[in-house]
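There are 4 protein chains.
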Amino acid sequence: MSSDKRIPVAVLGATGSVGQRFVQLLENHPWFRVAELVASERSVGKTYREATDWRLDAFMPAEAADLPIKDYGDPIASPVAFSALPGEVASEIEQRLAREGHAVLSNTSTHRMEPDIPLLIPEVNADHVRAIEVQKAGRGWSGFIATNPNCSAIHMVLTLKPLLDAFGIDAVMVTTMQAVSGAGYPGVASLDAIDNVVPFIRTEEEKMAEETQKLLGGWDGEFRPAPVVVSAQCNRVSVRDGHTECVSIRLGQNASPDEVADAMRSFAGRPQELGLPSAPKRPIVVRDEPNRPQAILDRNTENGMASVVGRIRPCPILGVKYVLLGHNTIRGAAGASILNAELFKVEGLLPV
Amino acid sequence: MSSDKRIPVAVLGATGSVGQRFVQLLENHPWFRVAELVASERSVGKTYREATDWRLDAFMPAEAADLPIKDYGDPIASPVAFSALPGEVASEIEQRLAREGHAVLSNTSTHRMEPDIPLLIPEVNADHVRAIEVQKAGRGWSGFIATNPNCSAIHMVLTLKPLLDAFGIDAVMVTTMQAVSGAGYPGVASLDAIDNVVPFIRTEEEKMAEETQKLLGGWDGEFRPAPVVVSAQCNRVSVRDGHTECVSIRLGQNASPDEVADAMRSFAGRPQELGLPSAPKRPIVVRDEPNRPQAILDRNTENGMASVVGRIRPCPILGVKYVLLGHNTIRGAAGASILNAELFKVEGLLPV
Amino acid sequence: MSSDKRIPVAVLGATGSVGQRFVQLLENHPWFRVAELVASERSVGKTYREATDWRLDAFMPAEAADLPIKDYGDPIASPVAFSALPGEVASEIEQRLAREGHAVLSNTSTHRMEPDIPLLIPEVNADHVRAIEVQKAGRGWSGFIATNPNCSAIHMVLTLKPLLDAFGIDAVMVTTMQAVSGAGYPGVASLDAIDNVVPFIRTEEEKMAEETQKLLGGWDGEFRPAPVVVSAQCNRVSVRDGHTECVSIRLGQNASPDEVADAMRSFAGRPQELGLPSAPKRPIVVRDEPNRPQAILDRNTENGMASVVGRIRPCPILGVKYVLLGHNTIRGAAGASILNAELFKVEGLLPV
Amino acid sequence: MSSDKRIPVAVLGATGSVGQRFVQLLENHPWFRVAELVASERSVGKTYREATDWRLDAFMPAEAADLPIKDYGDPIASPVAFSALPGEVASEIEQRLAREGHAVLSNTSTHRMEPDIPLLIPEVNADHVRAIEVQKAGRGWSGFIATNPNCSAIHMVLTLKPLLDAFGIDAVMVTTMQAVSGAGYPGVASLDAIDNVVPFIRTEEEKMAEETQKLLGGWDGEFRPAPVVVSAQCNRVSVRDGHTECVSIRLGQNASPDEVADAMRSFAGRPQELGLPSAPKRPIVVRDEPNRPQAILDRNTENGMASVVGRIRPCPILGVKYVLLGHNTIRGAAGASILNAELFKVEGLLPV
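Protein chains in written order, with this note's numbering: chain S, 9 to 360; chain U, 9 to 360; chain V, 9 to 360; chain A, 9 to 360.
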């Protein structure tokens, strides 16, 4: 291990469902290695293997399995911390670590909308990384916090970005059919999932609206939200992984379904330019079959890091509509934070 | 049985999944009794019990169980025929029966959009029954065909009608999450349903648009489609019964969510006025809980004959949005035809 | 209400999933009426409607909806209490109420195996009611506790009883496929249920063995467990309601599948003799189709109070095998307690 | 491609669900390459991509995608043919190919029980390959047919083999909970799968009994079935992939759960000795957790080629019991045939 040149990282909230995904995706990562695992006091004194009810079908990485669990309050040695902390404890811990000099890449919603904390999708708003200068100066921190979006917002925004660039966007209507893994474990009760749809997910519709505006907006010393109106209806369906979203858009200028498809297909951003290790070759994969994307068939496209789009067609009300699907715990959570960390690294912004 | 004064009816396509629902709902009906059961030649020569792979949790009515299956081509004695025929055979058989003097109440899509055949929801467009005069005269038939809408369209239109009357409607955006029973049996493969959403149902989106316009439109000797633009996205989810639909509407004039709820709650139509046996007391049930309606909890509201609405709230794009749920094989299929037959009876239009 | 001659009853643990089933099944009961609802302090001060996340598809009975929730510690006026209390609080509360003179009919496992507390299936061991004399005398109680079996054991034992009587039973091998509602709400996580089988239910296999022996055994001042060896393997499957069980039996003397079916079909017990209101006409329904019983089709047989048996055939190892299905929250829980209460009533053993 | 030294193989029934699995597993195989794809005339004239409704989450291999579909009757150039043909056409086609000199490795049940055709699990009865000499001589064929077992039998027998060797086996009781993919596509209707268990799979229980005896038996010029009594109860549950089986065994001599676990853990056979490319390192993986194996977590163990065992414990009736899980379309179908082909290759028995 001593010859391992990779940057040591801590995973906060490591035993939970997004925490597990962090540990799994970081196995064999070329730049980072899992060095510290942090969880609530209930797990302290155990190894990761003992503390964790591992729920992924990929197996628990051997290196992580024998690491001891640290307490929320313990000092962290790794310069980088990935956070999958529960909302109620995230604020204090993440801020403390940033103050102490760590780069905190957080999947938690707590800090996403703060005026000096970047909410990032590297393909969409890589320039927002500059907000950390303001953040560090204003808060007197030597480290920083950067966040990734909600699991439904990120996939929608990925598909919106090329349309915004090419045609402008006035309004977006979206109805989601979200996987149960989005609620963590135990999360959604089986009695709510079997033979049922629950047409409500607390604060999800609000997040889709406000995060979209921040993500598609600019940064010029402060965030300038994009003037895109979003109306979301969010539903929980009986799917393990993969959020399906039916989207309808009023573009700034007319575009045919073929033009929309072309814009999506040719879309690439900073991660593709830079060849970041977790970057999908194609951030958006457009399928031509009439009955795709489907969660079971398409959620692992580009290792779960792409958004998959299908059924692009005219909408008689708003102009154009389509269906998108994305993996909600890979690109929609842990994978998003890791890609953010990769961006910060090549930008020379990690404290290492 | 000789003293049974009820009108004998035939069920066409009786062994299929909507056919079974007809037989089940007609058990103990005060006005009709199942006298004849018609199915494809594969079933001929068997009793209903022998020919049918009964898939409902309500038990097979004893009276129907011992009836012999008739062939598609056999003469029908009953004045009324309920049709759950497969599309490819429906046209010829339904027309022959209408020509021979039967009232054919059809759940099949074949004739729904024809210019002299009523597409009916008794609460919505009861006056369209008058189209059968034109139909009979024009075609030289002594009987007639009347149809009920697609299982997704009917519930949406039920909830739209009071809004159209009170505020006018310009445009309706809808995303459906439809139950597998809508595709019959065997219908949707389990490999398409478990842990999956299929974002496509053939011709469903088109039906929702065109049927809505016919249903909400007028009849003055010919049908005058309502100028309501409908944009539908239809999905199949892992639910047995009950279609959930997320709707967003641009009203003709502004209305608050409370006004919308009041209009729906106070809505009633001809079936309620006439006290038809299958009529729900409340065609639309509005629920206040934030997480309703849910398929598993609400689909049997008013014996499956009501549409259940929840989450009425402002839509920042179109004005108002809500979620609705309706039973797709009761009010969405067999129950709809039976209610139509009840309307024809009290209007004196059945050939009895 | 003053003219209502029915016996007032309390439901303990009324807001939980078995508690809800008690309230639902007691609606319109000819002998009992729900007068008091007891739940944890979290619910106190609310009405039942406010306190309860009602999860049944039958609607909440109007009479119960407006009753105030009482605290576990509050005095109870009703002579009869049905208990769906969580295990950790059941012991103390049930004993206190029995001491104070109430008849406590409990679905909780806490007291099932105690040497002076009857574990009852009225069709199987109605004579065990006499144990309450010993119980009252020994403990100095004016009331008593009587229990019903585990949801898997009760259905299996119902089907074993006629075989025990006719042929004797040496050994029973059983593999269960149990519904998620057996774990209450929220209970089983959807991530454990969708696309999965969990081959373990804590203490379930032990209960099936020991409860079977007590139920099939005698009472002669003390319980004499039946010398039947039971080997159980218990699994949780993705089913809402209805436990399916594959059983294989070594009978005391040989019997053909037809003889086994005949014994089951002709089986009846005290509830059928006495015509108890909740008694199924046929406690065991034997089906001939090769692919029955099925949870979705058969669980509501006899209003959920019967065990449904199919596929009776020779077992080359133990002699005979079959599949059984039973509703786990009706006959397997609340319905069982209510039937017990009905038996105590006609036996003149209720404190009223 | 000309420099590709791998053996060209044909896949018969390539568009079906096991056929797709063959194509997927053969991608990048070190010894074999997919050269020909055969399907029913409906697909002829199309490429594999056009003809196939690909249902695996792994993507369609690029090399296969552009191959043209051949008709059942077309001549085959590849020396090896993997068969996933439907039962009704398998017999004639497989025999013709064997007669013409091909090695036919078949997953179809048609020929499994014939007295000169090996039914193989390379870890269990590798010596049965010698039956092809008798087969070729007796039938006058230059090629041969070899088969792999039913998807439920293969995993059970894998776990039985080390117990047979160490302790002897008299009798095996098994109840299966089988995945829907075992029935192909469309296969099991979603209305049979959602919220349900179907306690019947045609001919499955018979296969488990007779195939087990052939597999565990000897070959000395003819097959000598092992005198093991098997009693199976087979169920279909709502799982996509992975059969779970509850097994109880009467051993020839007593063994503790630890001894059983040790025998399984130390088990290896010819594929492990020979280092066959598809051989799992551990054919049987024994887990210690109380609630494993689970389909969702364990079915891909050793790339789907291992049987996973858990909960080994005493059975009070037969002696020892446990739960096993295996991937039904990898080790249970296509992977089994491929491993068989690898064995024939190193034995020098392929016609190449």
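Careful: at least some of the hints might be erroneous.
The list treats identical chains as one, so a pair stands whether inside a single copy or across any two.
Derived EDC-like pairs (lysine to aspartate or glutamate); straight-line CA-CA distance at most 20 Å [to be verified]: (1) K289 x D82; (2) K54 x E71; (3) K289 x D65; (4) K144 x E122; (5) K54 x E122; (6) K54 x D296; (7) K54 x E297; (8) K144 x D266.
Since the hints were made in silico from the structure, they are not lab data.
Quick rundown of the hints versus the structure:
1. K289 x D82: neither (39 Å within a copy, 40 Å between copies)
2. K54 x E71: within (15 Å within a copy, 48 Å between copies)
3. K289 x D65: between (24 Å within a copy, 19 Å between copies)
4. K144 x E122: within (13 Å within a copy, 66 Å between copies)
5. K54 x E122: Result: close neither inside a copy nor across copies, 35 Å intra and 38 Å inter.
6. K54 x D296: between (49 Å within a copy, 18 Å between copies)
7. K54 x E297: Only across copies: K54 and E297 sit 16 Å apart there, 49 Å inside one copy, limit 20 Å.
8. K144 x D266: neither (44 Å within a copy, 47 Å between copies)
In summary, the structure is inconsistent with hints 1, 5 and 8 from the numbered list given earlier, while agreeing with the others.
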